[in-house]
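Novice: Residue numbers (the numbering used here), protein chains in the order written: chain Y, 44 to 396; chain V, 20 to 122.
What the hints contain is simulated information worked out from the structure, not anything from laboratory work. Glycine included, each C-beta is placed from N, C-alpha and C at the ideal position. Be aware that one or more of the hints could be misleading.
[Said to hold, decoys possible] Here are a few chain Y residues that sit away from chain V, every Cβ distance over 10 Å (derived from the structure):
(1) LYS79
(2) GLY105
(3) THR177
(4) LEU201
(5) GLN235
(6) ASP373
(7) ARG388
[What the hints assert, rightly or not] In silico lysine to aspartate or glutamate, EDC-like type, Cα no more than 20 Å apart, as pairs:
(8) Y:LYS145 with V:ASP73
(9) Y:LYS76 with V:ASP22
(10) Y:LYS344 with Y:GLU77
(11) Y:LYS79 with Y:ASP338
(12) Y:LYS76 with V:GLU121
(13) Y:LYS79 with V:GLU104
(14) Y:LYS145 with V:GLU80
(15) Y:LYS79 with V:ASP22
(16) Y:LYS76 with V:ASP36
(17) Y:LYS76 with V:GLU80
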Amino acid sequence: MARDYSMLGPDARRAVETGLAAAEWYHTDVPRKEMKALMQRADQPAIRDTILLFGAMILLAGIGIALWPSWWSAPFWLAYGVLYGSAMDSRWHECSHGTAFKTRWMNDALYQVASFCMVRNPVTWRWSHARHHTDTIIVGRDPEIVAMRPPALRRILLNFLGIVDSWNGWGRMLLNASGKVHPEEASYIPEQERPKVIRVARIWVAIYAATIALALATGSILPLMVIGLPRLYGAWHHVLTGVLQHAGLADNVLDHRLNSRTVYMNPVSRFIYWNMNYHVEHHMFPMVPYHRLPDLHARIKHDLPAPNASMWQAYSEVWPALKRQLRYEDYFLKRELPGSARPYRDDFHAVAV
Amino acid sequence: MADWIDACATDDIEEEDLIRFDHGDRTFAIYRSPSDEYFCTDGLCTHEQVHLEDGLVQDYEIECPKHNATFDYRTGEALRAPACENLRTYPVKVQGDRVLVEL
Ligand code: FES
């Protein structure tokens, strides 16, 4: 039977009935003392990275504006776009967990800015992301599944230019600004939080309206090159890295080792992605801040499947798997656990398709 | 009538940390603050009923290990989404080297 990814459909009901929803997930054993040390928060790494990020954005946009409308400005816009349309994705993510900084207001401030850049309502998406962690890649429960089965390859490819996500994001923003919450959002946002959803959407509409008004007044798209459009022309990096998180792997299992992927990446991508390439580790222990994930990885890798050696190598398994899922949607990449790993539930590990 | 229950030794909990305490069919979290005071709350997060025992204590806050909701463990107040409901708290006293909770 075809999978139904709707939060309100038959698979959602089945997940609840079969105990897949809000279930107990596998965790590698790490002594409390070590885990406490890994979870410790700090301001310093994220302050450094945030100064670097905003400093680079101001510089690149400044040069882009200075060279506008010459084509010489293009490389500066492309670099600015990646910081706006991709680095902000990982900042949004880390701050939604509250783990980027030790100081709460710093987390919240960066979270608001990053949510705006990514066109993700900061209230709505905090709840949807909580659900993604409760029910990771459980069909009908996880609202953040990128590569469904069969995979909507056209949608994924369009999203390399942010087209589907930002279209939906802006559509939702207008709906929320009109005072409404989509029924699917209502399935995971508590009643008392909904006025906040609407308030933020109205503030955003005002910012976009001012930007568009400035563009019209000056007869130039330059203001939109700074605000709004980089969500499109800079989205490719976060999609490139984000697709690898779960694509092609098992669904409906309660073990992140089987449905998530850790990929070794170059330092530039890791800065943009804030170490989310350690994705199994992040899902297993979402309390560990991004700057400690390499340490967590070293600590628990004996219990995890071998990481992918590079993005290239990861895509060389993901792309054929996605193509195969177009024809056989039950096909998936079965993760081999190392001999030193603890098994979890035999029914998950033994299934081979 | 509520009873004072012997929950643990003062040394069972590290400074700025918590332990789980089960009593009857109920489960609690007992905290030791950075200034060496003891507190007790319900053990399960009010968001999705995950136990707080693997969470992180920082100052007077406990962060849930599942989705990082934060509570003030002195008052039980929910400080950060996705928790909206406060945690229930219980009176605690220290007698000698024992921590007692009024349940
Ligand atoms: S269960 Fe505690 S934050 Fe979700």
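Novice: Against each hint, give a clear statement of whether it holds in the structure.
Specialist: Hint by hint, here is what the structure shows:
no., hint, verdict
1, LYS79, "7 Å, violated"
2, GLY105, "36 Å, holds"
3, THR177, "6 Å, violated"
4, LEU201, "30 Å, holds"
5, GLN235, "6 Å, violated"
6, ASP373, "30 Å, holds"
7, ARG388, "19 Å, holds"
8, Y:LYS145 with V:ASP73, "18 Å, holds"
9, Y:LYS76 with V:ASP22, "32 Å, violated"
10, Y:LYS344 with Y:GLU77, "15 Å, holds"
11, Y:LYS79 with Y:ASP338, "13 Å, holds"
12, Y:LYS76 with V:GLU121, "29 Å, violated"
13, Y:LYS79 with V:GLU104, "26 Å, violated"
14, Y:LYS145 with V:GLU80, "12 Å, holds"
15, Y:LYS79 with V:ASP22, "33 Å, violated"
16, Y:LYS76 with V:ASP36, "10 Å, holds"
17, Y:LYS76 with V:GLU80, "18 Å, holds"
Hint compliance for this structure: hints 1, 3, 5, 9, 12, 13, 15 are broken, all remaining hints hold.
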